[in-house]
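Q: The primary structure of each chain is shown beneath.
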Amino acid sequence: MKRRARLAKTCTDAKVDLGEVEDWQVGGFAIYVHWPFCLSKCPYCDFNSHVSSQIDQKEWLDAYRLEIDNLAAETPSRSVQSVYFGGGTPSLMLPETVEGVLDGIRRAWPAANDIEITLEANPTSVEAGRLQGYRDAGVNRVSMGIQALNDQDLRKLGRMHTAKEALAAYETARSIFDRVSFDLIYARQGQSLADWRGELSQALDLSPDHLSLYQLTIEEGTVFAERYHKGQLRGLPDEDLAVDLFSATQDLCEAAGLPAYELSNHARPGQESRHNLVYWQGGDYGGVGPGAHGRLTLDGTRYATAQWSNPAAWLQAVRAAGTGQRTREPLSAEDRFAELMMMGLRLRGGIDLDRAARLRGEDLPQRQIHDLIEMGKLQISDGRLAATEEGRLVLNAVLRELLV
Amino acid sequence: MTQLSHIRNFSIVAHIDHGKSTLADRLIQSTGTVADRDMKAQLLDSMDIERERGITIKANTVRLDYKAKDGQHYVLNLIDTPGHVDFAYEVSRSMRAVEGSLLVVDASQGVEAQTLANVYQAIDAGHEIVPVLNKIDLPAAEPDRVRAQIEDVIGLDASDAVLISAKSGLGIPDVLEAIVHRLPAPKGDRNAPLKAMLVDSWYDAYLGVVVMIRVMDGVIRKGDRIRMMQTGAIYGIDKLAVLKPQMVDIAELGPGEIGVLTASIKQVRDTRVGDTITHEKKPCDQPLPGFKPAQPVVFCGLFPVDANDFEALRDAIEKLALNDASFSYEMETSAALGFGFRCGFLGLLHLEVVRDRLEREYDLDLITTAPSVVYHIYMRDGSMMELHNPADMPDLTHVDHLEEPRIKATIMVPDEYLGDILKLCQDRRGIQLNLTYAGNRAMVEYDLPLNEVVFDFYDRLKSVTKGYASFDYQITGYREDDLVKMSVLVNDEPVDALSMMVHRARAELRGRAMVEKLKELIPRHMFKIPIQAAIGGRVIARETISAMRKDVTAKCYGGDATRKRKLLDKQKEGKKRMRQFGKVEIPQQAFINALKMDS
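Chains as they are written, first to last, in our numbering: chain E, 4 to 407; chain G, 4 to 602.
Bound conformation, chain E alone (with noise of 0.2 Å):
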């Protein structure tokens, strides 16, 4: 219960006076990459990722460099906090390629001074042989899909490693950047309790920095998804399991110095990831590559964009139009506030009250609140509101009785 009561101030927004500054700059400023294939597809996956052969990285790299100086010309005077390789797989990226990117973004804007680069790795060890490679382009932290710790999962999983390589891959990045975090999906299908404290007790016996927990989730349009609704991915956990997972999930890596700083992510204090931080903190992010998406205050209107999902049609757009933007739609202040409950509730940290209540240009929902705090699933303390562990638990009907 102490670790409900106590919000975490490590990750918090600054106080800013928004009398001089956009309400983004809250959040930063952060660019996301997108590289859209994998070797294969993995059945839980519901991303934007495409298997394919032909890749040809020159005609990518010039592709993402035209839309990085079209970005460039619409946010001058911005500096960049974060840069993000996602994916897809970016650890197919040549080293080659993901310096070219990060060059052309830092022609483009001047780079904070604690510039956070991160690239997703699987951990293979066709992969690790990279790692250096990216350390020299200008990458400072990995993140590696490890998923689980042993082999007999990571084949349900669709994974194409096994625990064994996958320690290498991480004990070889350890050795390469000083910030490395991995992701574990868990609540899988005939996992006990025991069985997954084991697990993570071994994971957080790696000593990580950062680890993002994720509970398996089952998406639309996935294999997971197709087996599902034919009864044949059985053994996944009820409810009270699924609840006694993430509980222990949040005493283990609290007790391992790593508490959760949001919903899925844990870190040892000082350690959060900026970039995805911007997201939740209702920062402006610049998406790049297929499928991203951005958000972008521009002359005081804040716009949500999205790129061609598709990686040809995102190319041809690129090379036709000099974009590969789809849709740039004009957020109202009831969107905008909406996004921020959305994503700032997931932070321990929560969100500032006053900052709230600017963005929807009106008074909060304060009955709603005041319930959820009689219920126990808000907390307001400092100024700012926050999900205590049970509210997080519910997020999606907290938010439902706040914004619906």
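By construction, these hints were calculated from the structure, which means they are not laboratory data. Fair warning: there could be bad hints in the mix.
[Claimed, not checked] Pairs of lysine to any residue, SDA-like flavour, derived with a Cα cap of 20 Å: (1) G/K586 with G/P533; (2) G/K586 with E/P79; (3) G/K558 with E/T220.
[Said to hold, decoys possible] Not the full set, but computed from the structure, chain G residues with beta-carbon under 10 Å of chain E: (4) D462; (5) K465; (6) K520; (7) E523; (8) R527; (9) A557; (10) L570; (11) Q574.
The structure displayed is predicted, hence computed values, not measured ones. Glycine included, C-beta positions come from ideal geometry on N, C-alpha and C.
Take the given structure of chain E and dock chain G to it, following the hints.
A: Chain G alone, transformed into the frame defined by chain E:
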């Protein structure tokens, strides 16, 4: 002006789907009343809902000019009557306006309960009846068996029944000849004071209220000043016409004739089906017998799904009521559902038709509360009050006893399902009155409380018999019984729209079924929700909806924000279909579905 001897007035009695409307279409077509190119199926059913449901709600008429085989020209007036028990009074008036009936029976299906009720109305009205076996060309047709059934069950001689296929047109000339030669001509005195029956009335956008009449005695002319004997209102006739089926002006209508008039009447409500029309100056001395004012027997609440639509609903109900004198309404306020109307109907079909028209013609989304009958509450001080809404049940300390309406139900069913029917009626507090067989079909009569029938009896009946049973009823009177008000509490707060009157012996069963249903219908919330059924302060059934423990998205990054926000927007739409009750959201469907019993 037509000679009485050359007029034939008739109606068609049939069960739904036995081909009444198709036969009417064929008669219209083969007499050349409507050119072939203008024919569309079921010409006489003018409302969309009538055409869709294959039922007739308003009486319609058509005047056919027919040159018979004897070389004489005849005028045949067909009144297409409502075929449903809800409109029994309207049917009885239509029946009194004609002298004969065609009894149309599907040659493979045989006689159904509804056919019986209507054929008895025709017999009561003194009709000559010509049996017509339809769909004779179907492989499953069994004319001999159905003939025997007509004789056994109805007691009509069916040996010279006319065999037809209305669909293909087979036998239609025989029907026309039978109308001329087997049905009697009307009687009447041209020189007597005017006496005409108001058969039906409806609103026409161009003409205002149109009144259908049957002249019994005397002559009515355009320009005449007429008096409605029941309402006392006096009008001048603007237009006199016959329907072919479009209006054709006519100078006068004499005894035995059927036509329509307009007389600057503002609202259909100003007319009464069954009223007697006479001349203002030279009236007849006695009105026609059998007039009854419309009496709603089933009540329910209608509420707008979106509270902002209340004014639109009021508007729509007022407009609809102008055209339907049999439907009553008054404003109702429900703690659960907000502002709406308590509406009275002739029966369940009438309720559904009115609700469908409100939703469709006026584009409204409505919540319908459970139908309730009218209870008679006898107070200790000797007074009696009518209870239309369980929520209005007075304090029991002032109540001496309650009476509820009872019906006589007639059910016809293949004998293999008889056991299920008997059980169903027994479960619904029925008392068996009669059980007879005709071939392999049983006809069973039950004395039942109307409140056990108004809700889902007909659905249950159809489901336990795979649709083979047919059902009809008439209200027989009121009887005392041990009735109590059952309240439902959701999260410890009473939900008025869910309270209902039940028999004490059945209260626990109904209460249990109700709370179990609600447990399925109300989605889980972040807190646990007790659901209770109670009589007075005593809880008779209880269920608890457990609290939701986990509902969260594991991953939510920059690319997920749009999708998640749009999902929330979509949920706003869904929320319109919910009713906030205290802290609990109840889906609107729950208000009606919670009452459906599985037995």
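Q: When the structure is checked against the list of hints, which entries are broken? Sort them ascending.
A: 2, 4, 5, 6 and 7
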